[in-house]
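Could you put together the complete structure from these sequences and hints?
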Amino acid sequence: MGLWCLLAEHPEHTVVLDDISTLFGQKGALQILLAALGGSPGEPRAVTYATKDERKSFEFTGGIVAISNVPLRRDPLADAVASRVALLEHEPSDEMLAVFMRHEALKGFEDIPPEECREVVEFVIAETRACDYRLDLRSMKKAWQDYRLDRHGKSQRPWRDLVRSSLKRLVEPGVPDPGSRGERVEWERAVALDLFRQFPADKRGRDEEWARLVGSSPHSLYRRKRELERAGRM
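Residue numbers for the sequence shown follow the numbering used here, so the first one is 1 and each next one is one higher.
To be clear, the hints were calculated from the coordinates, so they are not data collected in a lab. Just so you know, these numbers come straight off a predicted model, no measurement behind them. One should not assume that every hint holds.
Unchecked claim - Label-pair distances were calculated between CB atoms; the ranges are:
no.	residue 1	residue 2	range
1	S68	L193	30 to 40 Å
2	E9	G38	30 to 40 Å
3	L87	E9	23 to 33 Å
4	D161	E186	47 to 57 Å
5	P113	R138	19 to 29 Å
6	P41	S68	34 to 44 Å
7	F123	F58	47 to 57 Å
8	F58	A80	34 to 44 Å
9	K203	K27	23 to 33 Å
A virtual CB, placed ideally from N, CA and C, is assigned to each residue, including glycine.
What follows is the structure, encoded as structure tokens:
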């Protein structure tokens, strides 16, 4: 068990777990995490890993910082994890992201000098706002790669066209015939799935986009989310 080995190697340290949401499909890993988070602060916690052939245990006195791009699921194990930790939601504004992107441009990127990185960043910021999307750091790095392709003559289209195409990849689906209940419900589920991917931690942005696209209240968005979860699609 990778998590058990990691904690056993660093029993007195603060361990950072990135993308913790991947653990929620692993019951054994969650039980190890619960053991490491249990007890009183400052006191050792026994962490045990057992198989049919052996049983291993160690005392963990360190701390855990867990990072996730999506909210914790609502089930008994996830609720047990949430009850043992202090939850802090970090949701930087577009203005903060723009400042960070401009700062990153000053470092340059591979063989792109800082001034050209800044040109690309300004284009990404302007186009993202024109599309009425939130800024995304991944769009910045992808745009730099698109710029490099164009710069080295390996793209058949200008880098600005590549960036625009990438930013507008989420094409609004057409609204189905209101008379077809089944098609309407399935369309709403598809929209809900896209919105939870596009706005994983931005509830307000997600709700506003749902109201704009579907014309319904956020209550219906989370009803579709529950339906997707029951169907195993989220």
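Evaluated hints:
A C-beta distance of roughly 18 Å is found between S68 and L193, which places it outside the suggested range of 30 to 40 Å. Taking 30 to 40 Å as the suggested C-beta distance range, the pair E9 and G38 does not conform, at roughly 20 Å. Between L87 and E9 the beta carbons are some 27 Å apart, a value that agrees with the proposed interval 23 to 33 Å. Distance hint check for D161 and E186: the Cβ-Cβ separation is about 33 Å, which falls outside the suggested range of 47 to 57 Å.
Our hint of 19 to 29 Å for P113 and R138 holds, since their Cβ atoms are close to 22 Å apart. Taking the beta carbon of each, P41 and S68 are about 22 Å apart, not inside 34 to 44 Å as hinted. Checked against the given bound of 47 to 57 Å, the beta carbons of F123 and F58, roughly 52 Å apart, stay inside it. The given range of 34 to 44 Å is broken by F58 and A80, whose C-beta atoms sit roughly 21 Å from each other.
As the Cβ distance of K203 to K27 is approximately 28 Å, the hint placing it in 23 to 33 Å holds.
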